[in-house]
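K.L.:
In terms of our numbering, the sequence shown opens at residue 1 and continues consecutively.
Keep in mind the hints are simulated off the structure, nothing from the lab.
Treat each hint with caution, since some may be false.
Simulated restraints on C-beta separations [said to hold, decoys possible]:
(1) Arg48 to Asp132: 30 to 38 Å
(2) Arg143 to Pro99: 28 to 36 Å
(3) Arg146 to Ala12: 29 to 37 Å
(4) Thr32 to Glu5: 38 to 46 Å
(5) Asp132 to Gly84: 19 to 27 Å
(6) Arg48 to Ala110: 29 to 37 Å
(7) Gly128 to Gly45: 23 to 31 Å
(8) Ser126 to Gly97: 29 to 37 Å
Built from N, CA and C at the ideal position, the CB exists for glycine as well.
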Amino acid sequence: MSAWEAQVARVATEHGDRWMAWREGGVVAVATSRREATRRAIAAGAVRVVAGDARWAPADPDWALLPGGFRGRALRACRAIPRGQVITYSELARRAGSPGAARAAGSAMATNPLPVVIPCHRVVRSDGGLGDYSAGGTDAKRRMLRAEGALPTAT
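Work the whole structure out from these sequences, hints included.
P.N.:
Written out as C-alpha cells, the structure reads:
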C-alpha cells in the first residue's frame with residue numbers, strides 16, 4: 001500500500017461497527033458508511049481507495065493528516081484519555097497547553113475527524129452536563145460513556 005492508497009473496511013468497535021479508511025500512517029477516516037469513509041479518505045489525499053481487511057486496521061490516527069496548532073494538540077490530548085475516564089473541556093484545554101481555552105477545546109472536539117479513534121465522547125462540560133457529540137448526539141455519548149463504565153446507569 002502506498003501513501004496515496006487507502007484501504008477501507010467495516011471495523012467492529014465496542015461502540016458499534018464503523019467504516020474506517022487507513023493508509024500506512026494510520027486511520028484517515030471514520031464514518032458510518034463505506035461511501036462516507038471513502039469520500040473522507042479521498043478528501044484526506046488518497047488517490048485510490050481499495051477494500052481492506054478489518055483485521056489489519058490500525059488503532060492510531062494518521063497524525064500527519066490532522067491539524068496542527070491548538071486543535072491538533074487538543075486532539076492528541078483527547079486521544080490520551082483512558083477508557084472509562086472523562087475530563088472537562090477546561091481540563092482538555094489545559095492538557096493541550098492553553099488553559100482558559102475551553103471553548104476552543106469544545107470546537108476541536110466538535111470537528112473531530114476521527115470519532116471513536118480519538119475519543120471525544122470522553123470530554124464533558126464542567127457543570128456536569130455531557131455536552132453534545134457530533135457523531136450521534138448526546139444520547140449516543142451517554143451510551144458510549146456507560147459502556148466504558150464512565151457514567152452511572154442512572155445518568
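K.L.:
Determine for every hint whether it applies to the structure shown.
P.N.:
Hint-by-hint comparison with the structure:
1. For Arg48 and Asp132, the hinted distance range of 30 to 38 Å is satisfied, since their beta carbons lie about 35 Å from each other.
2. The hinted range of 28 to 36 Å is satisfied by Arg143 and Pro99, whose Cβ atoms lie roughly 31 Å apart.
3. Roughly 19 Å separates the CB atoms of Arg146 and Ala12, a value that falls outside the hinted 29 to 37 Å.
4. In this structure, Thr32 and Glu5 break the distance hint of 38 to 46 Å, their C-beta atoms being roughly 23 Å apart.
5. Between Asp132 and Gly84 the C-beta distance comes to about 21 Å, which sits within the given range of 19 to 27 Å.
6. Remark: the range hint 29 to 37 Å for Arg48 to Ala110 is upheld by a beta-carbon distance near 31 Å.
7. For the pair Gly128 and Gly45, the supplied restraint of 23 to 31 Å is violated, since their beta-carbon distance comes to about 40 Å.
8. Taking the beta carbon of each, Ser126 and Gly97 are about 18 Å apart, not inside 29 to 37 Å as hinted.
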